[in-house]
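From first to last, the protein sequence lines stand for chains A and B.
Taking the working numbering, the leading residue of the first sequence gets 1, the next gets one more, and so forth.
Taking the working numbering, the leading residue of the second sequence gets 1, the next gets one more, and so forth.
Please keep in mind that the hints were generated in silico from the structure rather than gathered at the bench.
Using N, Cα and C, we set each Cβ at its ideal position, and we do this for glycine too.
Check each hint, because a few of them may be wrong.
As the list claims (entries may be wrong) - Which chain A residues stay away from chain B? Per the calculated CB distances, all over 10 Å, these:
#: 1; residue: Val-67
#: 2; residue: Leu-94
#: 3; residue: Leu-276
#: 4; residue: Pro-280
What the hints assert, rightly or not - Restraint ranges, calculated between C-beta atoms of paired labels, are given here:
#: 5; chain 1: B; residue 1: Asp-128; chain 2: A; residue 2: Gly-57; range: 58 to 64 Å
#: 6; chain 1: A; residue 1: Ala-273; chain 2: B; residue 2: Arg-136; range: 32 to 38 Å
#: 7; chain 1: A; residue 1: Asn-117; chain 2: B; residue 2: Gly-111; range: 48 to 54 Å
#: 8; chain 1: B; residue 1: Arg-212; chain 2: A; residue 2: Ala-273; range: 54 to 60 Å
#: 9; chain 1: A; residue 1: Phe-97; chain 2: B; residue 2: Arg-174; range: 47 to 53 Å
#: 10; chain 1: B; residue 1: Arg-127; chain 2: A; residue 2: Arg-165; range: 50 to 56 Å
#: 11; chain 1: A; residue 1: Pro-92; chain 2: B; residue 2: Arg-196; range: 43 to 49 Å
#: 12; chain 1: A; residue 1: Ala-58; chain 2: B; residue 2: Gly-111; range: 37 to 43 Å
#: 13; chain 1: A; residue 1: Val-88; chain 2: B; residue 2: Asp-128; range: 41 to 47 Å
#: 14; chain 1: B; residue 1: Arg-136; chain 2: A; residue 2: Pro-92; range: 32 to 38 Å
Stated by the list, open to error - Listed below are several chain B residues computed to face chain A (Cβ distance under 7 Å; list not exhaustive):
#: 15; residue: Gly-85
#: 16; residue: Leu-88
#: 17; residue: Phe-96
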Amino acid sequence: MSWGAVADQLVIGLSAGAIFVLVSLGLTMIFGMLNVLNFTHGVLYMVGAYLGYVLAGATGSFWLALVGAPLLVAGLGLLVERIGIRPVADRPHLIQFLATYGLTLVIEQLVRVVWGNGAYSVPRPAVFAGTVWLGFMELPRYRLFLVVAAAGACGALGWLLARTRWGAVIRATAEDPEMAALLRVDTRRVSSAVFAGGAGLAAFGGVLAAPEFSVNPSMGDEILVIAFLVVIVGGLGSLRGAILSALIIAQASSLGLLLVERFSDVLTFSLMAMVLMLRPVGLFGRREGR
Amino acid sequence: MRRPDPPDLLRLENVHGYYGDSHIIQGLSLAVGEGTVVSIMGRNGVGKTTALRCITGLLRPREGRVIFDGRDIAGLPPHAIARLGIALVPEDRRIFGSLTVEENLLLAAGGRRSAVGEALDFFPPLRDYLRRPGDRLSGGEQQMLAIARALVARPRLVAIDEPLEGLAPVVAERIQAILESLRGRLTVLVVEQNLRWLLRVADRHYVLNQGRTVFEGTSAELAANPGVIDRFLGVSV
């Protein structure tokens, strides 16, 4: 095992982590806000990747796809929230699981009907072909872009939540929806907006992932398992926790490949089980799910 | 000569409120005249807070009407009722701990900084900790912020639930002074245990027992009725 190989794995881990961060942030925000375990989050990511593929193909512009697909999926998110989440918002988590998982199957099958079971690839934008020399290793430009884009999205989200009036409304509604409503906030609309925003973030991750990985109907299931792991380990509802745990999980899984090869997942999941044994509410969690 | 009674801004007519199967409010009727201060009293668990929840939309009455400014608001969602001009200062204050004092006020003011400025003129001590998170305020500071937050949106009626509970006597006096300064400026519905204070500041009183009104009248009428005070409030004046 050479240092070069370790550096390579770290970079792979970082770019995978960037995708995990984007998907998990939406999931944890939706939980923090609506107290709903949203199992449709994975297919929203997947639909984002497909729409990215379609838009990039139709317009010839990856950038249009990167902006357009998340907006379309945010709209889809509004629909999903209305028909799949709101009717079960006050029900136990098991009911929410059944409802959102059922909707997941429907959406995934629709995607298979439209695009088939095969995989598609989205070409990297020409600017990101090739690598940059970091002084000690070659870094594929697109991976660097992934990390920068995810960091930018985190920064923008942080700014929105901490510095804007909208952010204050969202934080207040997450903390005490009844009191927010007493202060004239239409909390249902805030919840819908947060859900749509989370869906858009997942789709943003999906479009970013498309050139790096393939676009296929089961990509949603794979990311969903990881995103739930990230969110639970980070602490349900905690944004900082989601970011930190996404990066740790991505690195554990990436470096694990080097250490124990195909048992990498075993390593990752054992590590996370240990975290939860030591800290059942997760790294930054304050409460356990109902 | 007695002045004519002001028109009712708020009227409850035969309101019934439940928590699950528990019948908490059992046919409550009351009227709050525009510009008056009205108290709701009674022992713990008689439905005082539940009555306020029915008025503000946090609990949908199963029966009866809640008339505000001539319109039946029973069943409207809380934000819609608040937008009509009813504000609540809840019993446990419910300051947003993750928001600063300023953010708490701005949220309530719908983002209007000028309104926040006016509220701060009314509550000067709040100026000293505008950037402090809500969960790092003392009980008295939280109560002051809760009142400021209710007033900043310029409601027509403010409902206040146990504003003096849990406050040190000196702090309670300050809150009392603030509330007394509201007299005549807006309509106030207040739930409190401090009978002596209410007799002084409120125009009318409703004494509740088991979700129903058992006494209704002015301070003079209540003070002249030690039987009600002793039986339903369990205190002596």
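* Regarding the assertion that Val-67(A) does not contact chain B, is the least Cβ-Cβ distance greater than 10 Å? -> holds, 28 Å
* To do: Could you check the hint for me, namely that Arg-127(B) and Arg-165(A) are 50 to 56 Å apart, CB to CB?
  => violated, 20 Å
* Determine whether the Cβ-Cβ distance between Phe-97(A) and Arg-174(B) falls within the hinted range of 47 to 53 Å. => holds, 50 Å
* Arg-136(B) versus Pro-92(A) beta-carbon gap, inside 32 to 38 Å or not -> The hinted range 32 to 38 Å holds for Arg-136(B) and Pro-92(A), with Cβ atoms some 35 Å apart.
* For Pro-280(A), which was marked as not at the interface, is the minimum beta-carbon distance to chain B over 10 Å? -> Label holds. Min Cβ-Cβ 22 Å, cutoff 10 Å.
* Supplied contact hint for Gly-85(B), tested at 7 Å Cβ to chain A -> Violated - the Cβ of Gly-85(B) stays beyond 7 Å from chain A, reaching only about 10 Å at its closest.
* Starting from the hint 32 to 38 Å, judge whether the C-beta atoms of Ala-273(A) and Arg-136(B) obey it. => holds, 36 Å
* Asked: Given Leu-88(B) was flagged as interface, is its beta-carbon under 7 Å from a beta-carbon of chain A?
  -> holds, 5 Å
* Asked: Taking 10 Å as the cut and beta carbons as the points, is Leu-276(A) off the interface with chain B?
  -> At about 25 Å from chain B, Leu-276(A) clears the 10 Å cut-off, so the statement holds.
* Measuring from beta carbon to beta carbon, are Ala-58(A) and Gly-111(B) in 37 to 43 Å? -> holds, 40 Å
* Asked: Quick one: are Val-88(A) and Asp-128(B) within 41 to 47 Å, going by C-beta?
  -> Check passed, 46 Å falls within 41 to 47 Å.
* Between Pro-92(A) and Arg-196(B), is the Cβ distance one that fits in 43 to 49 Å? -> Holds, at about 48 Å.
Checked against the numbered hints above, the structure breaks hints 10, 15 and satisfies the rest.
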